[in-house]
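2 protein chains.
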Amino acid sequence: MTRRFVVIGQQATASPDFSLLDLPGTSGRLDVLLRCVRAALLVSHGLRRDTIVYLVLQGGPDAPRVLRLDGNDIRFVRPDERSLALLVQKALGRELPPAERNAFVTIRPGLARATGDLEAVLADLGPHAVTAYVLEEDGRDVRALALADRDVVVFVGDNHGFDPATRARIELLGATAVGIGPISLHADDAITVVCNELDRRRATREATA
Amino acid sequence: MTRRFVVIGQQATASPDFSLLDLPGTSGRLDVLLRCVRAALLVSHGLRRDTIVYLVLQGGPDAPRVLRLDGNDIRFVRPDERSLALLVQKALGRELPPAERNAFVTIRPGLARATGDLEAVLADLGPHAVTAYVLEEDGRDVRALALADRDVVVFVGDNHGFDPATRARIELLGATAVGIGPISLHADDAITVVCNELDRRRATREATA
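Protein chains in written order, with our numbering: chain A, 201 to 409; chain B, 201 to 409.
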């Protein structure tokens, strides 16, 4: 069972020309997305091997681009924001062989980049049966959901939520709106809460299997 | 009802002479504590006004020192790690009038510093009735706890856990060990999960009041 988190940055830059000295001010709030990477992928003493994070970067002259970080293969991911920013900056600046739109090209193990938008993510999901969720403030409480006992994909908006086209595309997928409690949280905290619920469900399944 | 999070950094520096270019490598992993500040204090579009965070800094030549960030009064707290590091660096570098050990001196609204260790935090709690918790991997599940309907203080270790003296002091307080699920998480994620549970309990109380 794989968990996928798709974080959509409406202004987050797809170009490497941002400053590490002012990440929020020069990268279209890429810092929000970096914190989502940490929350989804990193746990004490390691990585969530069952988790893939997609960063959909819709800002800047190189947009749209998607970065894919696969917890099963990626190494040398540190939790501090500057290290994550450097990782992404290098991934965005790397010259890659030409590829079709929406096709992921591997940069190093566990790290790949596609030219494309949300469609690149959907193409990457392939024909696998996945259950889609979208984090929404007024969604049904994650604790009350019959979370799928199979691959899940969770769509996460940035600090601006979703643009109308993206929202329509996610709705077309039949994604279930899921909420995480009474207070509106930052995207990374929302991911943490969802991961905790998924961890608990899996532990319960394994204990009763 | 006030929530207090006491984050204890065994090596986290109490001096301002760390480098923003390598926070993990030069600050005794102050980055871990900064992420705890974000998780405890910041929500979408604002701060948790009912939350106070103490950073107990036990590393470097100026140790021990405690920084206190009070969500009710503090302003201009941004979520990115570099901004939080700058805030802490300035707070540690500021010349302050002499004060007794364990006494907090205000730096600016919502931000204060004490010379001292855990005792400074305990003195600051004063005679108020508080219920103490300590985050432990093998603690009782936070969801199963009859969480106090009054002021709470939650002790949080860094990436090294607690040193024996600190652990003994926390045990003396009668702190209840609390766990947050089947997977060992980073301290900031653990705080996020605890905050989410406290938010839910409060919402339930308010709905039935």
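Keep in mind that the hints were calculated from the coordinates and are not lab data.
No experiment lies behind these values; they were computed from the predicted model shown.
Positions of the beta carbon are idealized from the N, C-alpha and C atoms, including for glycine.
Check before you lean on any hint, since a few could be wrong.
Stated by the list, open to error - Beta-carbon label-pair distances, calculated as ranges: (1) P327/A / S219/B: 44 to 50 Å; (2) P297/A / H360/B: 29 to 35 Å; (3) D349/A / H245/B: 33 to 39 Å.
Inset, instruction - Report the numbers of all earlier hints that the structure fails to satisfy, in ascending order. - result: The structure conflicts with hint 2 only, although it agrees with all the remaining ones.
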